[in-house]
Amino acid sequence: MNFVDSPETPWYIRGVSQIPLFQPGALTVSQVNRYVQDLLAADPLLQDVWVQGEISNFTRAASGHVYLTLKDSGAALKCVIWKTNAGRVRFTLSNGLAVEAHGYVGVYERDGAYQLYIDAIRPAGEGRLFQEFLRLKAQLEALGLFDESRKRPLPSFPRRIGLVTSPTGAALQDMLNTLRRRYPLAEVILSPSAVQGESAPDELVRALERLWRLEPQPDVVIVARGGGSLEDLWAFNDERVVRAIAASPAPVVTGVGHETDFTLADFAADLRAPTPTGAAELCTPDRADMRAGLDSLERRIDLAIEQQLALRRSGLMNARARLERVSPRRRLDNERQRLDGFGKRLAQQALTNIRLRRAALDGLNNHLNALNPLAVLRRGYAAVFNAQGLPVISTQRIHPGDEVNVKMADGQFGAQVQSVNVEGEPE
Amino acid sequence: MSAPIDPQDLAYEEAALELENIITALEAPQVSLEDTLALYERGKALARRCEKLLEQAELRVRTLDGEEA
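Residue numbers (this note's numbering), protein chains in the order written: chain A, 1 to 427; chain B, 1 to 69.
Don't read these hints as lab results, they were simulated from the structure.
Beta carbons: idealized from backbone N, C-alpha and C, even for Gly.
You may find that some hints are simply not true.
Derived DEER-like restraints, expressed as beta-carbon distance ranges [claimed, not checked]: (1) Gln56/B x Glu324/A: 28 to 36 Å; (2) Glu51/B x Arg135/A: 32 to 40 Å; (3) Glu14/B x Gly87/A: 34 to 42 Å; (4) Arg329/A x Glu51/B: 33 to 41 Å; (5) Ala288/A x Gln30/B: 30 to 38 Å; (6) Arg320/A x Ala28/B: 22 to 30 Å; (7) Glu34/B x Arg159/A: 29 to 37 Å.
A short list of chain A residues far from chain B (calculated; beta carbon distances all over 12 Å) [claimed, not checked]: (8) Gln47; (9) Ser56; (10) Pro285; (11) Ala387.
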């Protein structure tokens with residue numbers, strides 16, 4: 001078969017029997033390098049390995065890739081960290097640093113050199129420490145020290161704030177500045193302690209106990225320190241410290257390291273803050289907010305009193321009005337007015353009555369006038385009276401020869417009846 | 001309210017709480033005029049106390065040294 005015979009094909013594919021005793025030609029450099037690369041690529045250990053050593057020849061290329069050499073007392077290993085992986089490294093890399101690096105070993109065929117392609121790197125010993133951390137966490141968690149139900153709420157307006165931290169660290173100043181700005185009403189009681197090293201766990205416990213012995217006790221306690229490596233923060237994973245925090249009579253807020261650092265003290269605390277400054281903020285209200293709240297209360301009380309007074313003013317006016325309506329004076333005035341009214345009506349009635357009677361009288365008068373016999377006379381008629389002075393109203397009562405008196409409107413005359421004619425109505 | 005404490009002796013939280021209670025009482029319609037005025041006076045005194053605490057407070061810091069309690 002042609003390809004098997006090809007000088008390019010590796011001897012182990014062509015078969016052992018095919019190894020020439022005398023090489024017809026040497027392998028090329030590329031072939032050798034490729035061969036080695038394949039060997040390494042097939043090895044499970046070398047494809048997933050942690051290597052510990054000290055950094056030297058550290059360079060960061062313009063491309064962003066990092067090149068370094070890991071060495072121990074007897075050997076050195078070239079390493080490369082590609083740009084993306086390098087960006088994820090959480091601590092500063094520098095020559096002399098003892099680290100543990102993870103990756104795979106491969107050949108850079110161009111140079112014929114093998115190197116460690118690093119995808120993760122951490123300070124030396126952290127791997128071991130981290131395992132220890134996980135073990136302790138499981139152990140203390142099983143004791144219930146981290147239970148949510150144990151966590152207490154913080155007081156809204158703490159009067160006394162206990163601080164367990166290093167007296168010389170930057171964390172203390174950061175927290176004091178924050179408290180000064182936000183909530184100067186409180187009293188801060190600093191209980192100093194080392195925050196790393198052998199003696200730190202003991203000192204931290206004693207610092208907490210000093211605060212508990214105070215009379216009166218603080219309303220809240222902050223346990224804090226600035227950033228550092230896992231080793232630096234290790235005191236806060238110590239069982240004694242965890243138990244002391246869990247046993248604290250006052251609520252505990254921890255602010256240890258950076259945002260991404262978690263220690264067992266954080267799990268035992270009533271509240272974890274990402275940083276010391278964060279802890280000071282979580283414990284206290286902001287004075288500006290308190291000011292606004294107080295302003296609102298003052299507005300409400302002024303409004304409430306306004307409304308109470310307004311209510312009373314209107315009630316008073318109502319009462320006054322009602323009083324007015326039933327007061328004697330009012331009644332008097334009312335009666336007077338009624339009387340006046342009556343008086344008027346009375347007068348009117350009287351007038352009306354008089355008018356009516358006058359009218360009636362006039363009517364009667366007219367009637368009377370109309371019936372007045374003298375009026376008849378004025379119309380040209382004459383009234384006849386006999387010798388006895390009695391009126392003669394019928395021809396049957398008069399005889400010829402009788403002496404009569406004839407009355408006219410403007411006088412009278414005597415006359416003698418000459419003849420009588422009876423015609424018309426009898427009397 | 002039994003034997004009200006002098007506002008000068010009250011901490012911020014206590015004064016603010018009492019002030020809120022007073023306001024709630026004043027917002028009820030059935031308060032007598034006498035009570036209204038008394039409550040208002042007390043409320044204003046409490047508010048002044050709170051203001052004073054806010055304005056004048058300076059952070060007090062003390063350090064426990066050694067094994068002092």
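Comparing the hints with the structure gives:
1. Gln56/B x Glu324/A: 28 to 36 Å: With a Cβ separation near 54 Å, glutamine 56/B and glutamate 324/A fall outside 28 to 36 Å, so the hint is violated.
2. Glu51/B x Arg135/A: 32 to 40 Å: violated, 54 Å
3. Glu14/B x Gly87/A: 34 to 42 Å: violated, 53 Å
4. Arg329/A x Glu51/B: 33 to 41 Å: violated, 52 Å
5. Ala288/A x Gln30/B: 30 to 38 Å: Because 37 Å falls inside the window, the suggested range holds.
6. Arg320/A x Ala28/B: 22 to 30 Å: With Cβ atoms ~25 Å apart, the hint holds.
7. Glu34/B x Arg159/A: 29 to 37 Å: holds, 35 Å
8. Gln47: Answer for glutamine 47/A: holds, closest chain B Cβ roughly 56 Å.
9. Ser56: holds, 45 Å
10. Pro285: violated, 9 Å
11. Ala387: Holds, since 110 Å exceeds 12 Å.
Hint violations for this structure: numbers 1, 2, 3, 4, 10, all remaining hints satisfied.
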